[in-house]
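These protein sequence lines map, in sequence, to chains A and B. Going by this note's numbering, the first sequence opens with residue 1, and the numbers climb by one from there. Going by this note's numbering, the second sequence opens with residue 1, and the numbers climb by one from there.
One or more of the hints may lead you astray.
Using C-beta positions, here's what the derived DEER-type ranges look like [said to hold, decoys possible]: (1) A:Pro10 - B:Lys210: 36 to 42 Å; (2) B:Arg222 - A:Gly530: 45 to 51 Å; (3) A:Arg108 - B:Asp84: 39 to 45 Å; (4) B:Asp161 - A:Ala582: 50 to 56 Å; (5) B:Gly21 - A:Pro10: 46 to 52 Å; (6) B:Arg222 - A:Asp604: 53 to 59 Å; (7) A:Gly530 - B:His125: 22 to 28 Å; (8) B:His125 - A:Lys314: 55 to 61 Å; (9) B:Asn127 - A:His545: 14 to 20 Å; (10) B:Lys230 - A:Asp490: 46 to 52 Å; (11) B:Gly21 - A:Ser109: 44 to 50 Å; (12) A:Ala582 - B:Gly214: 40 to 46 Å.
Some chain A residues flagged as far from chain B (calculated, every beta-carbon gap over 10 Å) [what the hints assert, rightly or not]: (13) Glu250; (14) Tyr304; (15) Lys314.
In case anyone wonders, no lab produced these hints; they're calculated from the structure. For each residue, glycine too, the CB sits at the ideal point set by N, CA and C.
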Amino acid sequence: MQQTDSPDLPRIMVPILARHGSDSAQLLQILRDVQDVCHFVPADAIDQIAAHLGVSRVTVEGVAGFYSFLSTQPVGQYHLLFSNNITDQMLGKDELLQYLCNKLWLERSRVSEDGLVSVDNTSCTGMCDQGPAALINGWPLTNLDQNRLDLIAELIRSQKPLADWPPMLFEVVDNIRRTDALLGEACVPGAAIKQALARGAKETLSEMDKSNLRGRGGAGFKTASKWSFCHAAIAEEEGSVICDIGGNPERFIVCNADEGEPGTFKDRVLLNSYADMVFEGMTVGAYVVGASKGFLYLRGEYRYLLKNLEAVLKRRREAGLLGDNILGQTGFSFDIEVHLGAGAYICGEESALIESLEGKPGRPRNRPPFPVTHGYKGRPTVVDNVETFACSARIAEKGGAWFAAMGTAQSTGTKLLSISGDIARPGIYEYPFGVTVRQILDDAGADEPFAVQISGPSGTMISWKEFDRKIAFEDLPTAGAFMVFNRKRDLFLTAHNFAHFFAHESCGFCTPCRVGTQLQKKIMDKISGGHGTICDMEELKRLGHILKTMSHCGLGSSAANPMLDAMEKFPDVFERKLKALAFEPAFDLDGALETARKITGRDDEWAHL
Amino acid sequence: MGAPMSKTITIDGKSIPFKDGQTIMDAAMAADVYIPHLCHNPEFKPHGSCKLCTVKVNGRNVASCTMPAVEGQQVLSDTLELNDERLSLTQMLFVEGNHICPSCEKSGNCQLQAVAYYLGMMSPHYNHFYPQREVDASHPDMLLDRNRCIYCELCVRASRDVDGKSVFGLSGRGIGSTLVVNSTSGLLGDTNLAATDKAAQVCPTGALLKKRQGFTVPIGQRIFDHRTIKDVQLGEEHE
Numbered sequence: 001m002q003q004t005d006s007p008d009l010p011r012i013m014v015p016i017l018a019r020h021g022s023d024s025a026q027l028l029q030i031l032r033d034v035q036d037v038c039h040f041v042p043a044d045a046i047d048q049i050a051a052h053l054g055v056s057r058v059t060v061e062g063v064a065g066f067y068s069f070l071s072t073q074p075v076g077q078y079h080l081l082f083s084n085n086i087t088d089q090m091l092g093k094d095e096l097l098q099y100l101c102n103k104l105w106l107e108r109s110r111v112s113e114d115g116l117v118s119v120d121n122t123s124c125t126g127m128c129d130q131g132p133a134a135l136i137n138g139w140p141l142t143n144l145d146q147n148r149l150d151l152i153a154e155l156i157r158s159q160k161p162l163a164d165w166p167p168m169l170f171e172v173v174d175n176i177r178r179t180d181a182l183l184g185e186a187c188v189p190g191a192a193i194k195q196a197l198a199r200g201a202k203e204t205l206s207e208m209d210k211s212n213l214r215g216r217g218g219a220g221f222k223t224a225s226k227w228s229f230c231h232a233a234i235a236e237e238e239g240s241v242i243c244d245i246g247g248n249p250e251r252f253i254v255c256n257a258d259e260g261e262p263g264t265f266k267d268r269v270l271l272n273s274y275a276d277m278v279f280e281g282m283t284v285g286a287y288v289v290g291a292s293k294g295f296l297y298l299r300g301e302y303r304y305l306l307k308n309l310e311a312v313l314k315r316r317r318e319a320g321l322l323g324d325n326i327l328g329q330t331g332f333s334f335d336i337e338v339h340l341g342a343g344a345y346i347c348g349e350e351s352a353l354i355e356s357l358e359g360k361p362g363r364p365r366n367r368p369p370f371p372v373t374h375g376y377k378g379r380p381t382v383v384d385n386v387e388t389f390a391c392s393a394r395i396a397e398k399g400g401a402w403f404a405a406m407g408t409a410q411s412t413g414t415k416l417l418s419i420s421g422d423i424a425r426p427g428i429y430e431y432p433f434g435v436t437v438r439q440i441l442d443d444a445g446a447d448e449p450f451a452v453q454i455s456g457p458s459g460t461m462i463s464w465k466e467f468d469r470k471i472a473f474e475d476l477p478t479a480g481a482f483m484v485f486n487r488k489r490d491l492f493l494t495a496h497n498f499a500h501f502f503a504h505e506s507c508g509f510c511t512p513c514r515v516g517t518q519l520q521k522k523i524m525d526k527i528s529g530g531h532g533t534i535c536d537m538e539e540l541k542r543l544g545h546i547l548k549t550m551s552h553c554g555l556g557s558s559a560a561n562p563m564l565d566a567m568e569k570f571p572d573v574f575e576r577k578l579k580a581l582a583f584e585p586a587f588d589l590d591g592a593l594e595t596a597r598k599i600t601g602r603d604d605e606w607a608h609l
Numbered sequence: 001m002g003a004p005m006s007k008t009i010t011i012d013g014k015s016i017p018f019k020d021g022q023t024i025m026d027a028a029m030a031a032d033v034y035i036p037h038l039c040h041n042p043e044f045k046p047h048g049s050c051k052l053c054t055v056k057v058n059g060r061n062v063a064s065c066t067m068p069a070v071e072g073q074q075v076l077s078d079t080l081e082l083n084d085e086r087l088s089l090t091q092m093l094f095v096e097g098n099h100i101c102p103s104c105e106k107s108g109n110c111q112l113q114a115v116a117y118y119l120g121m122m123s124p125h126y127n128h129f130y131p132q133r134e135v136d137a138s139h140p141d142m143l144l145d146r147n148r149c150i151y152c153e154l155c156v157r158a159s160r161d162v163d164g165k166s167v168f169g170l171s172g173r174g175i176g177s178t179l180v181v182n183s184t185s186g187l188l189g190d191t192n193l194a195a196t197d198k199a200a201q202v203c204p205t206g207a208l209l210k211k212r213q214g215f216t217v218p219i220g221q222r223i224f225d226h227r228t229i230k231d232v233q234l235g236e237e238h239e
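Chain B extracted, bound-state conformation:
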């Protein structure tokens, strides 16, 4: 621990200590307060794109993963209104892609699915977009299924900032955004991605999967089959 934690913010009425430089999300996680999130991973620079972690600070909505904690902030997070909006965002993520949980290798280990469980999502609510997206099986050890990409850019950040390879990037705009890889052919097999890279480990959904591992752990014994995403992520925070 560095500086003493004498400063505090309040989340849902509970006093939470923080250090300078921490975001609201950092302070919350450290104090065992779960704020739903998908694009955030404490190992990487915050991104702020999924907006699931939106909280109300002094009456204004902000993404808690990017907003610095400031002394005296009154934060509302676990409210009916915010959870309802988070549920809508999760439903949006489901319908814009092609997420077919029962046939997905990642089922049970998927954070998108787990957040949906946590928020009580019973239906997609919106009409599915059924987009045409490319699947890339050219890599010997990894499968890239863009149908399940939620544009969190965790693989982009990991490959660029940790692996020093910049294998992944986002191209396109708006709903036409697409995950691209670093090869003239556009194929993952022509990049220098290795299955041991950090980028190969961080996908919260089943967009980037290790080949030949799909069912080494049977369905029913997977991470979120028994524990909520809240317990899992708060547990990881304290490991």
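Next comes chain A alone, as it looks inside the complex:
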């Protein structure tokens, strides 16, 4: 049963519904606002939203239930979520979480009796260079330690509004450590658009083609090809042409700022300090493909950036860089809207992101058709990474040949890396493609590095034997995460953390991922608890095969990578944990008595097997 009573619900709902209008694509944004005010989404609110948008109740409930930052049961008035990436764990997150819970007389993931506070884990919040990090009611807290938690506990107990908390708790710094072609020079607003307009759309696309820019989100699809497919797309639905070049082309440019891959935080920095460059790139893209509307899909964890992004957009509108007849070019109209996510890693997958933009649960679509022909609201849509758009702006300004001269033949330009873990100087490093892992480790001040997780849990883990490999699509492709582990780290913990991450983030649409990621997690728990055997390793390999070959999207097909990599490259990491037996049941007889021990309040020797 759901909680239905919330005082003054109409008073809360009327302005929210009025603000967002009646397009069902606003559903997620509406639910976010309701959650903000009520600390949950009451059942009555679901009814009101459904009536307002003219959709069924189950549609609204489906969205409310899908996203981590929405809940149909109340959370605390102060809802504190610790970032649960392995880098946070390495900085003592587990102990800090327990410390805060003890301090507040709380159990994790249980709301306090008075409804004041709740504490839980959340997936990586993108603050790995200044962790341990957390979110309080959606706002980031960084550099947590016991002193800060003492202060936070006090602020919560005295029920001080977040607005009155000391700003230093919320301070997020860029930590840019190495700059190159992208970050080295400030972006002059309008410079790239001017060049593009002077060249014309066709020539600008040809510069993009010459640059050989490939998508920076990890997949590495050639950006010029994506743009030209979208430009040429004639989307058909039930045989009738709904959009063509000659008619009224409705196309969309979407910037994927759902930077959810644990260990990545470069988009946070681009959006904080280089937002003009990103919007500039989107505008150039709109000019090339003929789009009049763009979206920036901002992950919920980065809501603190929203205010500044809106200000940049406003300034650009005032400068004639957005809106009608941009820079005086008759007929070139384009504007950008920011949409907030609500805690779902899967929305980084482009078709899931589009679903989420449409106000639906972020479940990846069946493909074909692809977004370039059938994207947002069925129309041709380009979805590119934040960094890809930033590169596009630079290319439009300086030309394709300039860009192609950097990096390697197959991986042109530079790459932003988000470096964290066991290093002296965590932060953002920009390198031309082709740089070796060893070089990066030296620059970042790694002490006895042993392994590096490239491109996050969905990427690859490499061992110290592979440090001469290069960051490049042809060797080590990456979306930017670079987490370093030294000799003293137990890499089983890393794989274990990632197994939990994928199980938590699976959207649940397809059988192999929904169940397979759970099975992986359970086996890793079993091994971690000292009950693992060689059979469990075999089972992990079999599951890995099924996840890789049968899953609906990239989340499922990469969800086994951490286990497979660790078993292949660091077999002793697992074997150390195994029992020598060939078989050991997952059922833990002593563990099963835990409930009885809790009820009786006993924990003595005789209460254990």
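Could you slot chain B onto chain A? The hints should help.
Here is chain B on its own, set in the frame of chain A:
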């Protein structure tokens, strides 16, 4: 029949004709080739979630129920490897829910059970999850037992697209996904579902059952007690 069927794909070495707009599954079913499936029902828009119908096309795995047939595709379906993977997926569906065939009214008429028979499933292989799921008996004519739901969304699709009622929907995420119904109370009895609705007829398992009909046909005389799911579904295709 509409357009002439001059185009062909190859499934397991056999040439199969198809019309533009057909999926690999459509073409296969029409040509009497069975590809195991659960979330697919030819009456509804393909869903592609159970992944049992995965086939290998030119070396890549795809769901045959959603993949358009394209001239010249080389499709592998009835292979040891794919059937082994389908068996694993079926076992996953069994362990994530609470499927207790001997005490289930749907036994013998259940497609999940029938696919398991067809694929030679002898054990669940994985450890059972034993999830806590709600049973809803509030409706006068229908029983909703979420223990047996496999998230195929056939009832969701039928209610929305055929009945025009949207009685059902999916909420939650991942393993926490759950079938929800269109009422503030969350109870099926408070929705406008009728036992005659299409949505009430399409559940492939025993998650949505008509009340008071459980044993009108005794066990032993039920659909899959005598015929394989392959024969039944190919037969339906040609009715």
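These are the hints, each one checked on the structure:
1. A:Pro10 - B:Lys210: 36 to 42 Å: Given about 40 Å between the Cβ atoms, the range holds.
2. B:Arg222 - A:Gly530: 45 to 51 Å: About 46 Å separates the Cβ atoms of Arg222 (chain B) and Gly530 (chain A), which means 45 to 51 Å holds.
3. A:Arg108 - B:Asp84: 39 to 45 Å: 40 Å, holds
4. B:Asp161 - A:Ala582: 50 to 56 Å: 51 Å, holds
5. B:Gly21 - A:Pro10: 46 to 52 Å: Since Gly21 (chain B) and Pro10 (chain A) have Cβ atoms about 48 Å apart, the given range 46 to 52 Å holds.
6. B:Arg222 - A:Asp604: 53 to 59 Å: For Arg222 (chain B) and Asp604 (chain A) the Cβ distance comes to about 54 Å; the hint holds.
7. A:Gly530 - B:His125: 22 to 28 Å: 23 Å, holds
8. B:His125 - A:Lys314: 55 to 61 Å: 58 Å, holds
9. B:Asn127 - A:His545: 14 to 20 Å: 19 Å, holds
10. B:Lys230 - A:Asp490: 46 to 52 Å: 49 Å, holds
11. B:Gly21 - A:Ser109: 44 to 50 Å: 49 Å, holds
12. A:Ala582 - B:Gly214: 40 to 46 Å: The hint (40 to 46 Å, Cβ to Cβ) holds, given that Ala582 (chain A) and Gly214 (chain B) are roughly 44 Å apart.
13. Glu250: 24 Å, holds
14. Tyr304: 24 Å, holds
15. Lys314: Holds, since 35 Å exceeds 10 Å.
In this structure, every one of the numbered hints holds.
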